[in-house]
Amino acid sequence: MNAREEVLRRVRAARPAEQVVVPRDYEVAREPDDLVELLVDRLVDYKATVHRCTGDGLAGTLAEVLAGTERIVVPSGVPQEWLSAYQGDVMRDEPRPLAVADLDAPGIAVVTGCAVVVAETGTLILDAGPDQGRRALTLVPDHHICVVHNGQIVAGVPQALRRLADPTRPLTLVSGPSATSDIELNRVEGVHGPRRLDVVIVDR
Amino acid sequence: MTGTGNIVARKAFPAAAKEKLTDTQLRANLRRATHTIRDKRLRVVGEVPDWEALRVAGAAIKDDVLSRLPELLERFEAAATAAGAVVHWARDAAEAAALVTDLVQATGTTEVVKIKSMATQEIGLNEELEAAGIAAVETDLAELIVQLAGDTPSHILVPAIHYNRSQIRDIFTRNGLSALTDDPPALAEAARRHLRAKFLSAKVAISGANFAVAESGTLVVVESEGNGRMCLTLPETLISVVGIEKLVPTFRDLEVFLQLLPRSSTGERMNPYTSLWTGVTPGDGPRTVHIVLVDNGRTDTLADEVGRQALRCIRCSACLNVCPVYERVGGHAYGSVYPGPIGAILSPQMSGEGANSTLPYASTLCGACYDACPVRINIPEVLVHLRQTGPHPAAERAAMRALSWTMRSRRRYAAALRAARRGAAPVRWATGGKVRRLPWPMSAWTAARDAPLPPKQTFREWWARERA
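If you read the protein sequences in the order shown, they are chains A and B. Residues 21 to 224 in the numbering used here are what the first sequence lists, from first letter to last. Residues 3 to 470 in the numbering used here are what the second sequence lists, from first letter to last.
Calculated directly from the structure, the hints in this document are not laboratory data. Even glycine gets a Cβ: it sits at the ideal position worked out from N, Cα and C. Any given hint might turn out to be false.
[Claimed, not checked] Pulled a few chain A residues facing chain B out of the computed Cβ check, cut under 8 Å:
| # | residue |
| --- | --- |
| 1 | ARG35 |
| 2 | VAL40 |
| 3 | ARG62 |
| 4 | SER96 |
Please build the complete structure, drawing on both the sequences and the hints.
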């Protein structure tokens with residue numbers, strides 16, 4: 021008997037007979053008074069820097085956030101208008117994907133959108149959509165700037181996961197800059213992922 | 003109880019605990035760390051109005067998985083395979099470790115980067131790889147500290163919890179990692195510099211998984227530092243070692259566990275990074291994805307009606323952080339990669355080898371672990387169950403039989419009490435009311451506690467006199 025058959029045989033012999041009904045009495049949709057305020061509070065609590073602007077002000081706000089950054093990388097689907105006021109070099113991850121060494125260059129930043137955002141936990145969900153790109157883009161650069169449109173914000177985790185178009189795409193949930201609790205169980209920001217996270221919230 | 007690997011205690015718990023209790027530095031470090039995390043956990047759990055409903059749902063989802071495990075495993079295998087992953091199966095630790103080693107050797111590489119994973123600790127993968135001439139580089143900060151120190155993990159979530167900041171800096175300095183101070187940010191920076199080149203050049207990464215979604219073949223890794231994302235994204239080959247109980251039926255079920263796990267483990271509303279991947283995605287991440295499904299004593303645990311609830315465990319380590327026994331002896335005393343209350347019920351059920359039968363006694367049965375558990379594992383219930391069904395010395399069995407015979411008759415019981423009281427009178431006079439040491443074989447009892455003396459009169463006697 022090979023390992024697969026043997027393990028499955030053991031599982032069949034050992035499993036409980038009774039069927040289980042899962043009670044789902046937890047809340048799926050909460051509606052806090054001010055979703056954006058809640059999100060800002062949670063992002064700041066986890067050491068992300070938050071900026072707010074209108075749709076018309078987005079290019080100007082991004083240029084301000086990126087002042088002093090000479091070069092940025094962007095996924096293929098980031099609209100040209102977002103970067104119209106930015107003076108530095110823009111490297112797009114197309115037609116040929118950028119090398120890891122390019123992403124790891126000192127002082128480089130990455131600008132992306134996101135799929136959906138969880139206000140209660142301050143979590144940005146990236147689903148590899150055109151304005152987010154492949155996972156390495158938001159991982160290797162030391163500075164990530166994420167643009168959030170306020171229609172993308174939901175209160176809790178269940179609402180957010182249910183909004184995702186295709187859960188089998190590579191998904192990354194980002195809550196603040198990279199951090200560790202490994203020394204005396206105290207949280208310290210800044211390990212291997214981007215050490216700076218800026219979130220630009222676009223109010224309609 | 004056929005599991006093997008690093009889940010077998012070599013030393014009986016009482017002996018190991020006694021040794022650890024003399025280490026005052028260890029106790030100070032553990033006390034500080036566990037109390038920090040307890041307060042944080044309570045704060046963020048208190049923020050969630052439907053926490054109890056989430057716990058109930060989480061427990062039921064896992065129970066449902068256990069009752070449908072054969073179908074769900076086959077469904078997971080089919081979905082992951084359709085998405086481009088290669089699924090392997092392993093009966094025990096040795097088989098799993100050999101399988102992974104073969105997969106690494108086939109790539110021709112001699113260095114792999116690793117994400118912290120309980121499953122690979124359990125199967126002793128690093129030792130097996132090393133024997134085959136392959137260096138396994140741990141990339142989680144705590145796991146790296148333990149590896150550099152030549153030590154073993156002492157906590158499920160924070161394997162280096164037994165070290166404080168200045169000890170960590172010493173370990174780094176001895177291994178050529180320079181940190182300017184023993185400030186945690188300086189230590190984290192030293193780890194970042196040390197590992198950066200390895201991440202960018204590694205060909206093979208090895209991970210575990212926090213959850214495996216049966217319907218889609220998706221794996222989930224929950225982490226903080228970004229070392230997980232590095233390993234899951236940059237190397238060409240990814241090998242994930244997954245216990246068969248890690249399944250959840252559907253993607254929707256993650257909405258429960260992604261709320262329960264971060265708040266219970268690091269006391270955060272959400273951990274910094276969670277990655278989900280389904281097989282191979284062209285142009286994004288590894289081109290070759292292997293998944294190794296491991297039994298290693300899990301089916302033995304599944305067969306026990308009371309004990310199987312231990313398989314609900316999502317390895318958050320909340321039970322360790324609230325346990326008065328763990329806080330004093332630390333993780334090494336349990337002799338298994340699974341320490342603390344969950345380890346005391348998991349290790350002996352997965353493997354009957356070594357001193358594992360002493361682990362169910364590593365508890366005061368206070369129940370704090372049950373309250374903290376996000377999937378409502380009734381750890382005290384399983385501890386008592388394992389004590390009842392576990393081996394007992396012949397002398398203890400004989401004593402219990404005699405006691406049972408005495409207590410079955412009211413007349414015999416009353417006579418025994420009278421005799422004990424008369425016998426105790428001179429002892430009370432000689433010792434001042436407390437017996438610290440009894441002669442053999444009762445000395446086993448008094449090695450760790452005082453022996454109580456019978457009361458001067460029983461309630462029945464008092465009642466009879468008062469009402470006479």
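Violated hints - listed by number, lowest first = Number 4 - this is the single hint that the structure violates.
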